[in-house]
Amino acid sequence: MLWALWAAFWLLMIGVSIEDQLRNPLTRWWEPVLSEGSSALVSTGWMWLAVRVRGRYARYLDKPMIWFGSYLRWLPLVFITWITAVYAIRHGVYAAVGRTYEHSGWGFVVVYESLKLTYFTGLWLGILFGIDSYGQWQLQWRRLLQTQKALAEAQLAQLQGQLRPHFLFNALNTVSALMHTDVARADRLVAALGDLLRISLRSNEHEMTPLAEELRALELYADIMLERFRDRVTLDWQIDQALLDIPVPALLLQPLLENVFKHGVEPTVAHVRVIVSVGRESGSLEIVVSNSGSMLAPEHRDGVGFRNCRERLSIIYGNTASMLVRNEGDGVAARVLIPLMDTIQ
Amino acid sequence: MIRAVIADDEAPAREKLERWVAEQPDMTVVGSAEDGLSAAQCIEQLRPDVAFLDVQMPTLSGLQAAAQLEPSSAPLIVFVTAFDEHAVKAFDLNAVDYLLKPYDLDRFKRTVQRVRERLHAHESGATAVAIGRARAPSCERLLVPDGERLQLIDAASVEWLQADDNYVHVHTASRTYLLRRTLQDLLSQLGEQRFVRIHKSTAVNLGSIGSLTPLFKGDYEIHLHNGRTLRLSRRYREALFARMGQ
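Chains as they are written, first to last, in the working numbering: chain A, 1 to 345; chain B, 1 to 246.
Please note that a few of the clues may not be correct.
Pulled from the structure, derived: some chain B residues nowhere near chain A, Cβ distances all over 10 Å [to be verified]:
id, residue
1, P25
2, D106
3, D164
Facing chain B, according to a computed beta carbon distance under 8 Å, are these residues of chain A, among others [said to hold, decoys possible]:
id, residue
4, H166
5, H180
6, V183
Hints were generated in silico from the structure; no laboratory data involved. For every residue, glycine included, the Cβ atom is placed at its ideal position computed from N, Cα and C.
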């Protein structure tokens, strides 16, 4: 693209000067060709060098002053080498055919050619800048589209994770079982499921919600799970009522209770006691979800739910919040510590 | 009457199935279980015509429980599951029946009708057992009778197996269990990696072999780590040597 323009430009220049020569009988046909040809040859050398470093200067494309400056600082060297080389060629060729190359005095030549070179260098740097900027813009646009696609995929995956088909189908089956024996309870369960889905769909990663609301969502989830696993689980809430207005990240706690059911309740036939407690612990809000009767496997690794919780905490609170899962007593406890704003200030 | 066993760890789901089975004029619920191990035990003791097994259960999954059954005498099995694309794919629509939760009475009646037809055609649950074995890692654990109960033992702890008509003596370091299975079927369940046949009626855990002593006519004596000596028939010699890497 650039080189095609370059070639077209010089063909045009040579063409124009030949045209000019035809009207001027004092000059020979090859004189304008030599004149423009020597200019083209030396200019092409410099253009070639400029193109070689375009990759190195590409990172300055969004700072045009620096980009142009990076090229223009070579301009004095261009003047000297260009004038020396071009006039050497012309004098050489004229001498070879036994003639003398006549031109104005050297002072005038240097000033005149330098001005001309500045003008053309500016023109071609402008073209180079345009081509490179367009290329970079296209590249960035493609990257942006790719990033957006990946983000959309991640969000979709998260949404699907939130809907948790296994949970949903089992809950529906429980409703379908209860309908035949206890319509009022089946009705309550459908309402709880509806509320829970509404909350899941409404919330996003960055949303904060009062602790009371978060616990309400957790209660909806617990109601459904307790109906499914009735006779096998008891759930106790130990809540410090004074802390209910504190904002916490929305749907932070549900993955913790999900893990209790997945790893503490579902794989065992024994009765399990689950405790959700909220309290104040040395300047922090402490939320603990614990269950009796099962231990972490020795090679335990945090699952997606825990990792996601921890990431969200670190995005919102930096390293002032924490989440820890470990064996405590005869069971497993997940402990979340969130800094209390009033104690920080 | 069609005798049914029902296994689901979630009480509401179990009660729904129990009620619907009991409502069928030609069916009766003979037992129900809340986990896979008791389900297998129910099936062994009660010998029902059909078993409804939830896939996700404690102790043993429905598939693992099915995998432990003896194919020719296994009841027809209907797998019940909430959402398990992979399991459903494995169920191959015609090979075995399954119910997807939540299901309605019409769907349940279709399943029951299919069960009736298969019982009429004297089909067994062999396909369901085969699917269970293919789907669940059944070769690591073995269900054995322990008095009135069944218990799970580690396949690695079994030193050798001895056929006795339609029974197999399962020898571990501490004791011997008697299983109403054929040696061939037990070996197919336990897999080829660990056990190898050394005689028409004997198979041995490769890990318990201590040394070999040649006898006449190509037979060998196998000395186990526990001191016991078994006879290696020359018919099985090549296969054993190949497995031992000689």
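Hint check results:
Residue-level check passed: P25(B) sits 18 Å from the nearest beta carbon of chain A, beyond 10 Å. Every Cβ of chain A is farther than 10 Å from the Cβ of D106(B); the closest lies at roughly 13 Å, confirming the non-interface assignment. At the 10 Å boundary, the C-beta of D164(B) stays outside the reach of chain A, the nearest C-beta of that chain being 33 Å off. The interface hint given for H166(A) is met, as the beta carbon of that residue sits about 5 Å from the closest beta carbon of chain B, less than 8 Å.
Because the beta carbon of H180(A) sits about 7 Å from the nearest beta carbon in chain B, less than 8 Å, this interface hint is met. Taking 8 Å as the C-beta contact cut-off toward chain B, the hint placing V183(A) at the interface is violated, the least distance being around 14 Å.
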